[in-house]
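Asks: Now for the letters of each chain:
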Amino acid sequence: MLQIITEYKVLDAFWMTIQLTVLSALGSLLLGTFVAILRVSPVRIFQWAGAAYVNLVRNTPLTLIVFFCFFCLYQLIGWHIAPTTARSNVHTFQWAVVGLSIYHAAFVAEAIRSGVNTVPVGQAEAARAIGLTFSQSLGDVILPQAFRGAIAPLGNTMIALTKNTTVASTIGVAEASSAMKTAVEFSSDVLYSIFFVMATGFVILTLPMGIAFTHFSRKLAVQR
Amino acid sequence: MSAQSVLFDAPGPRAQRINAVVGIVGGLIILALLVAIIYGLRDQLTADKWAPFLEADTWIYYVYPGLWMTLQAAVISVLLATVLGLVLGLGRLSHNPVISWVTAVFVEFFRSVPVLMMMLFAYYFSMFVLRLPGDFLPIFGVIVGLTLYNSCVLAELIRAGVHGLPKGQREAGLAIGLTQAQTLRSILLPQAIAAMLPSLVSQLVVILKDTALGYLITYPDLIRSLQNLSAGKGNLVVAFIVAALIFILINFSLTSFARWLERKLAGRRAGGKAVALTQLPIDPDPDEPMYGDSDKYEDPASYTR
Numbered sequence: 001m002l003q004i005i006t007e008y009k010v011l012d013a014f015w016m017t018i019q020l021t022v023l024s025a026l027g028s029l030l031l032g033t034f035v036a037i038l039r040v041s042p043v044r045i046f047q048w049a050g051a052a053y054v055n056l057v058r059n060t061p062l063t064l065i066v067f068f069c070f071f072c073l074y075q076l077i078g079w080h081i082a083p084t085t086a087r088s089n090v091h092t093f094q095w096a097v098v099g100l101s102i103y104h105a106a107f108v109a110e111a112i113r114s115g116v117n118t119v120p121v122g123q124a125e126a127a128r129a130i131g132l133t134f135s136q137s138l139g140d141v142i143l144p145q146a147f148r149g150a151i152a153p154l155g156n157t158m159i160a161l162t163k164n165t166t167v168a169s170t171i172g173v174a175e176a177s178s179a180m181k182t183a184v185e186f187s188s189d190v191l192y193s194i195f196f197v198m199a200t201g202f203v204i205l206t207l208p209m210g211i212a213f214t215h216f217s218r219k220l221a222v223q224r
Numbered sequence: 225m226s227a228q229s230v231l232f233d234a235p236g237p238r239a240q241r242i243n244a245v246v247g248i249v250g251g252l253i254i255l256a257l258l259v260a261i262i263y264g265l266r267d268q269l270t271a272d273k274w275a276p277f278l279e280a281d282t283w284i285y286y287v288y289p290g291l292w293m294t295l296q297a298a299v300i301s302v303l304l305a306t307v308l309g310l311v312l313g314l315g316r317l318s319h320n321p322v323i324s325w326v327t328a329v330f331v332e333f334f335r336s337v338p339v340l341m342m343m344l345f346a347y348y349f350s351m352f353v354l355r356l357p358g359d360f361l362p363i364f365g366v367i368v369g370l371t372l373y374n375s376c377v378l379a380e381l382i383r384a385g386v387h388g389l390p391k392g393q394r395e396a397g398l399a400i401g402l403t404q405a406q407t408l409r410s411i412l413l414p415q416a417i418a419a420m421l422p423s424l425v426s427q428l429v430v431i432l433k434d435t436a437l438g439y440l441i442t443y444p445d446l447i448r449s450l451q452n453l454s455a456g457k458g459n460l461v462v463a464f465i466v467a468a469l470i471f472i473l474i475n476f477s478l479t480s481f482a483r484w485l486e487r488k489l490a491g492r493r494a495g496g497k498a499v500a501l502t503q504l505p506i507d508p509d510p511d512e513p514m515y516g517d518s519d520k521y522e523d524p525a526s527y528t529r
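Top to bottom, those sequences are chains A and B.
Per our numbering, the first sequence starts with residue 1, numbered consecutively.
Per our numbering, the second sequence starts with residue 225, numbered consecutively.
No lab work stands behind these hints, which were simulated from the structure alone.
Don't take each hint at face value.
[Stated by the list, open to error] To give an idea of the chain B side of the interface with chain A (calculated C-beta under 10 Å), a few residues:
1) Leu440
2) Phe464
3) Asn475
Yeah, the Cβ is synthetic: ideal placement off N, Cα and C, and Gly gets one too.
Can you build the whole structure from these sequences, using the hints too?
Replies: The structure is reproduced here in structure tokens:
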């Protein structure tokens, strides 16, 4: 097992997986929060735009979105985020992050919206009744409850994101599943060990996340 | 739109004016963004790039076979996953601690491994261990990968469904003299399965999207066959847009069907049950459909029972 890990640079591959996860998590949280704001805003056209984003992106396979970003936007049209002089694997990595962020932003937006939906209308009415202004009732009463309600669904989205980073291997990012592919192709006799090592890597990544999110969603749950 | 009534008051005349102005300005910004993207892609969206999709041959030789492969893998996987999921779900509900513990480890393990890795494993397993003929390798990989992962998700759904039932159901079953197994089989499971039907349909959306992962193990799904088409015609952007539209159309209908089913089931039951069902949302995140009752399925007591 140790030999597999050193020979096929498993740790490097998982470090790439972690980088993809963290950056895409940040990207999808930013974009997703923005889409969620659009969806719950009082302006009709914003609601419509937010709903369109969520419904279009959520029903498209992640593979297709990542392909579109990489093959169409980068290779065909030549849009790039890093300077053109950067090495090609930098570009690939960045477009993988963009694709993952776009896809998971739809789920983040839904998670936040479902958090807002857990707040009973009575809370807003009570806030108004005791004379709080609009910003006070939003900032002190409603949003704190909404964030707490969103923790569990956000946690599930982040765990799904960690697993979905494997899709980046389809455009050639050297992360865990592409390391697995290489390893199996060169030493197929230890197929089971390779799968076990790789799968355990993901269990190690996602299990603590699951426990942490469950813990916080319970600890911070609003008692009703 | 309960979200609105929580966050905002009903707009007065002044707020309505402000909303209208903000809406127009924001709408223009959104429009400008869309135009910028389309402008960036303008060379790829010309009429001759779309032309192949007006020919019958494209649909007969590329779109239809690809779509057929995608649907085939999805339907076979969902059927197998339902059967295996039922077995695993019953295993987790078992009163034999060994069985419930073993299935718990199995389910938790395969739930935290990416689908793509299971596909890769199944693909190479069929290549090196089973030595299947080359044609069967990709479809074996796709179906086994999807089945393993989704059966674990469904097992969790069944467990959450049974634990989500009112306590009185089980107690009443035991009180009239049924055994634990009889109570489970004739009282708890039928209700739990009915309650999870909408989630099952949503899971089909996830499976359908995940068939696209078969790309890496050369499964000739919709995306791959449209990519093959565009290799000759040079219209990759249009091909991907068509593929996305097909997926969106199918998945959106499935999601709508799931929502309709959920409403219908919720309406059919009386009183407290209807409330319990509406508190179990299937809609927001089809990747992980059971966060609505996370506190139920994480209940440590249920592992050992």
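Asks: Look at each hint and say if it fits the structure.
Replies: Tested hints:
1. At its closest, the beta carbon of Leu440 of chain B sits 5 Å from a beta carbon of chain A; the interface hint therefore holds under the 10 Å criterion.
2. With 10 Å as the threshold, the beta carbon of Phe464 of chain B comes within range of chain A, its nearest partner Cβ sitting at about 5 Å, so the hint holds.
3. Residue-level restraint check for Asn475 of chain B holds (minimum Cβ-Cβ distance to chain A is 4 Å; threshold 10 Å).
When each numbered hint is compared with the structure, no violation occurs for any of them.
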